[in-house]
Amino acid sequence: MPELPEVQTVLNGVCQVLNGRQVLSIVSYYPGTVIWDEALDSHPFPADFISGMRRGKYMILHFSKDVSLIVHLRMTGKLVFETALIDIHRHERARIELDDGSALRFIDPRTFGKITVINTENLEKFLPQLGPEPLGKDFTPQYLYQKTRLRSAPIKNLLLDQSIVAGLGNIYTCELLYRAGVRPQRISKSITHKEANLIIRHSKEILMEAIAVGGTSISDYRQVDDKRGEFQNFLKIYQKKLCPLGHDVENIRLAGRSSFFCPKCQK
DNA sequence: CAATGATCCTGTCCGC
DNA sequence: TGCGGACAGGATCATT
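Numbering (numbering that gives the first Met the number 0), first residue to last: 0 to 266.
None of these hints come from the bench; they were simulated from the model. None of these values were measured; they are calculated from a predicted model. Built from N, CA and C at the ideal position, the CB exists for glycine as well. There may be inaccurate statements among the hints.
[To be verified] Derived SDA-like pairs: lysine to any residue, alpha-carbon spacing no greater than 20 Å straight-line: (1) Lys113 - Ile186; (2) Lys203 - Arg53; (3) Lys226 - Gly19; (4) Lys146 - Arg200; (5) Lys263 - Ser189; (6) Lys203 - Arg54; (7) Lys193 - Lys113.
[What the hints assert, rightly or not] Label-pair ranges, simulated between beta-carbon atoms: (8) Leu244 - Asn196: 18 to 24 Å; (9) Arg252 - Lys203: 24 to 30 Å; (10) Ser24 - Arg200: 32 to 38 Å; (11) Leu84 - Asn196: 27 to 33 Å; (12) Gly255 - Tyr29: 22 to 28 Å; (13) Asp99 - Gln238: 19 to 25 Å; (14) Ile49 - Lys124: 17 to 23 Å; (15) Ser41 - Leu129: 40 to 46 Å; (16) Ser189 - Asp98: 53 to 59 Å; (17) Lys188 - Arg252: 30 to 36 Å; (18) Leu244 - Thr119: 48 to 54 Å; (19) Ile87 - Ala254: 34 to 40 Å.
Build out the structure end to end from the sequences listed, making use of the hints.
Right under this line is the structure:
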């Protein structure tokens, strides 16, 4: 599922494709996939691509004429580049048409993904409240420790809360807690300074490793050129029966999600 | 305010 | 071979 490393990888590909191009139009094939800001100019396109950035799991694409796109892939969304117009794919929910006849197709079987077209000035208004970037300087052991003091929910739920830290999802949270040696169901308040240190260090480490190999392709996730990421080959606990040391892995449900952990390696 | 559970949705997989 | 049900889970909304 697209988490920070997958979104970053897709964004990098999208920026390459959009570099020097104009968007001519955004076509919607499924109700609710494309959301239009009411405060938008009535004829926003064509607009020149300026820059792309990422905030948590959101892609933000800036264009001329104060137009921006907020793209969220949710669980099964893909942005696939085509050099020429072709038939609408069964799961194609929207299409971003470019000035050279190419297009980015938004393919999303489960239809949870969204493309929001906004006036750039309204960016803050259209983004939810998001915590610090996990790879940023504000995501520190002190910050996390302070947040854990206020909560009785399991630490995994806290890490999945985008208003606490923006970009972690189920897979990397399972993995980083395994690396940190902390059980996902541990009550947040019980996390020690030392454990907060380990969680922060391994969060940053695992995200950087995953970005370096193009993310994790477990089911639908693909890069813009339809290539798979490679990090699924390095997962140690997610959907495993045995941990790397050969211990039995347990799977419990936390916040409605499968949570894999090793009772021997994680305390 | 915190925490939990339902909801959105469809493809895939498992057991019978 | 077919069918029903469980499952996958990011974010939002309603409820406790």
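We went through each hint and held it up to the structure:
1. Lys113 - Ile186: 33 Å, violated
2. Lys203 - Arg53: This hinted pair holds, its Cα atoms lying about 16 Å apart.
3. Lys226 - Gly19: The hint is violated at about 23 Å.
4. Lys146 - Arg200: 16 Å, holds
5. Lys263 - Ser189: 18 Å, holds
6. Lys203 - Arg54: Between Lys203 and Arg54 the Cα gap is close to 16 Å, so the pair holds against 20 Å.
7. Lys193 - Lys113: 39 Å, violated
8. Leu244 - Asn196: 18 to 24 Å: Given about 22 Å between the Cβ atoms, the range holds.
9. Arg252 - Lys203: 24 to 30 Å: 27 Å, holds
10. Ser24 - Arg200: 32 to 38 Å: Given range 32 to 38 Å: violated, Cβ gap about 46 Å.
11. Leu84 - Asn196: 27 to 33 Å: Roughly 52 Å apart at Cβ, these two residues miss the hinted range, so it is violated.
12. Gly255 - Tyr29: 22 to 28 Å: 25 Å, holds
13. Asp99 - Gln238: 19 to 25 Å: This hint is violated: roughly 41 Å between Cβ atoms.
14. Ile49 - Lys124: 17 to 23 Å: 20 Å, holds
15. Ser41 - Leu129: 40 to 46 Å: This hint is violated: roughly 30 Å between Cβ atoms.
16. Ser189 - Asp98: 53 to 59 Å: With a Cβ separation near 56 Å, Ser189 and Asp98 satisfy 53 to 59 Å, so the hint holds.
17. Lys188 - Arg252: 30 to 36 Å: 21 Å, violated
18. Leu244 - Thr119: 48 to 54 Å: Since the Cβ atoms of Leu244 and Thr119 sit about 50 Å apart, the hinted range of 48 to 54 Å holds.
19. Ile87 - Ala254: 34 to 40 Å: Given a distance of about 36 Å, which is inside 34 to 40 Å, the answer is holds.
Of the numbered hints given earlier, the model fails hints 1, 3, 7, 10, 11, 13, 15 and 17; all others are met.
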